[in-house]
Structure formats: structure tokens, C-alpha cells
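S.K.: Sequence:
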Amino acid sequence: MPFVQRVVEPKYLSRTSLWDEDGRPLVSDDELEAVTNNTLSNALRQLASLVLVADDIFLELGDQLKEINKRSEGLRAKIEAVEGRVAAYDPKKVTVRKCFCTAVSGRASTARVALKYLQVYAEAGAAWGGGARAPRLAGFLRVNKDYRVCFDELRVCEWYFRSVVL
Numbered sequence: 001m002p003f004v005q006r007v008v009e010p011k012y013l014s015r016t017s018l019w020d021e022d023g024r025p026l027v028s029d030d031e032l033e034a035v036t037n038n039t040l041s042n043a044l045r046q047l048a049s050l051v052l053v054a055d056d057i058f059l060e061l062g063d064q065l066k067e068i069n070k071r072s073e074g075l076r077a078k079i080e081a082v083e084g085r086v087a088a089y090d091p092k093k094v095t096v097r098k099c100f101c102t103a104v105s106g107r108a109s110t111a112r113v114a115l116k117y118l119q120v121y122a123e124a125g126a127a128w129g130g131g132a133r134a135p136r137l138a139g140f141l142r143v144n145k146d147y148r149v150c151f152d153e154l155r156v157c158e159w160y161f162r163s164v165v166l
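Residues 1 to 166 (our numbering) are what the sequence shown spells out, left to right.
Each hint should be verified, as a subset may be incorrect.
As the list claims (entries may be wrong) - In silico SDA-like links for lysine to any residue, alpha-carbon gap of 25 Å or less:
hint : residue 1 : residue 2
1    : 66        : 53
2    : 92        : 81
3    : 92        : 74
4    : 78        : 91
5    : 78        : 63
6    : 70        : 58
7    : 66        : 90
8    : 70        : 83
9    : 92        : 76
10   : 66        : 80
11   : 93        : 76
12   : 70        : 89
13   : 70        : 93
14   : 93        : 82
15   : 70        : 60
16   : 66        : 47
17   : 78        : 90
18   : 93        : 75
19   : 78        : 65
20   : 66        : 23
21   : 70        : 82
22   : 93        : 83
Treat the hints as calculated values from the structure; they're not laboratory data.
Can you build the whole structure from these sequences, using the hints too?
M.R.: This is the structure in C-alpha cells:
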């Protein structure tokens, strides 16, 4: 914590009795200057002690700020490294995952066979345990010109099998 609580109490700087129990003055006029000088020197001692405590507080605060500065420099270096990676990133070089149908053999005929199999499997599963006839799977899956199934449509297919068939 940057602000450390320290107790600094004023002391009685020059507590002398000016009269005795009978009311007679104990201090003559010349001694009053000595008491005043003593009070002033004690006040300067207290202020010097207060300066030492303040110096100690500011040294601790400076050490903590140096530690924070080191950690922020480390974070700045990490941020600059990430910024460099992001600047060097080319989104055109990212490979796009293929559908499981075309990834098996890479032929369009395999994709058509897989789609037909999924459609028959869905209808058979719905008739066997699902109760009502399941809608045709071709309504959920659209095929591109090169017979590759889109990833979002595969999520619909997965939902279809979990909710209707199984």
C-alpha cells in the first residue's frame, strides 16, 4: 500500500513550571530566554524527526513505483509483440476446413453418396424411434456447386441428429 499509517505525536516541548506551589516565580527574566531557546530547539528536533519519517515514507513509495514501472514495461513489451504479430497476420493465408464429406475422398460423388446416406439414416431413425416422420435432411443441408457442405449447415445437421434421430 502506498500510504503507510505512522503515528506522529507532538511532545511537550518545554514544559516547565513558572511558579511554585506558593505562587512565587521560579524563573527569573534571564532564564525565560533560556526556556524559549530550549522550546525552539525542541521544536526543531521534532520537525527533523518528522522529516526523517516523511523521507522513509517517500523512499518506500518510490520503491513501489519503480516495481510498478518494471511490470508496466513488461506488459508494454508483450503488447508490442502481439501488435507485431497482428500486423504481420495475413487473413488470406488461413486454411479453411473442408466438410467431412469432401475431406474423406475429395470427390464430389462421395459427397452426394454421404448426403443420401444421411438422409436415409435420418428418415429410418425417425420412423424407428422418433414417432413422427422426420423432415428430409436435404432441406437442412444445402450443397455448393462443387458439392462441399458448409460448416454452419453441418451444425444444423448435428442438431437434427441429436434432437430427432437419437
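S.K.: Compare the distance between the alpha carbons of residue 66 and residue 53 with 25 Å, and conclude whether the hinted pair is satisfied.
M.R.: 20 Å, holds
S.K.: Given the hint that residue 78 pairs with residue 91, test it: the Cα-Cα distance must not exceed 25 Å.
M.R.: 22 Å, holds
S.K.: Sort out whether residue 75 lies within 25 Å of residue 93, counting only the CA atoms.
M.R.: 29 Å, violated
S.K.: Is it true that the CA of residue 93 sits at most 25 Å from the CA of residue 76?
M.R.: Distance of about 28 Å is beyond 25 Å: violated.
S.K.: Taking only the CA atoms, is the gap from residue 78 to residue 63 under or equal to 25 Å?
M.R.: 23 Å, holds
S.K.: Holds or violated: residue 92 and residue 74, Cα atoms, limit 25 Å.
M.R.: 32 Å, violated
S.K.: Given the hint that residue 70 pairs with residue 89, test it: the Cα-Cα distance must not exceed 25 Å.
M.R.: With Cα atoms ~29 Å apart, residue 70 and residue 89 exceed 25 Å; violated.
S.K.: Given the hint that residue 78 pairs with residue 90, does the C-alpha gap stay at or below 25 Å?
M.R.: Answer holds: residue 78 to residue 90 is near 20 Å, not above 25 Å.
S.K.: Under the criterion that the straight-line Cα-Cα distance not exceed 25 Å, is the pair residue 93, residue 82 satisfied?
M.R.: Roughly 18 Å separates the two Cα atoms, so the pair holds.
S.K.: So if I understand the rule, the pair passes when the alpha-carbon distance is 25 Å or less; does residue 66 with residue 23 pass?
M.R.: Roughly 61 Å separates the two Cα atoms, so the pair is violated.
S.K.: Does residue 92 pair with residue 76 here, judged by a C-alpha cut-off of 25 Å?
M.R.: 29 Å, violated
S.K.: Hey, residue 92 versus residue 81, does the alpha-carbon distance stay inside 25 Å?
M.R.: 21 Å, holds
Comparing the model with each earlier hint shows violations of hints 3, 7, 9, 11, 12, 13, 16, 18, 20; every other hint is respected.
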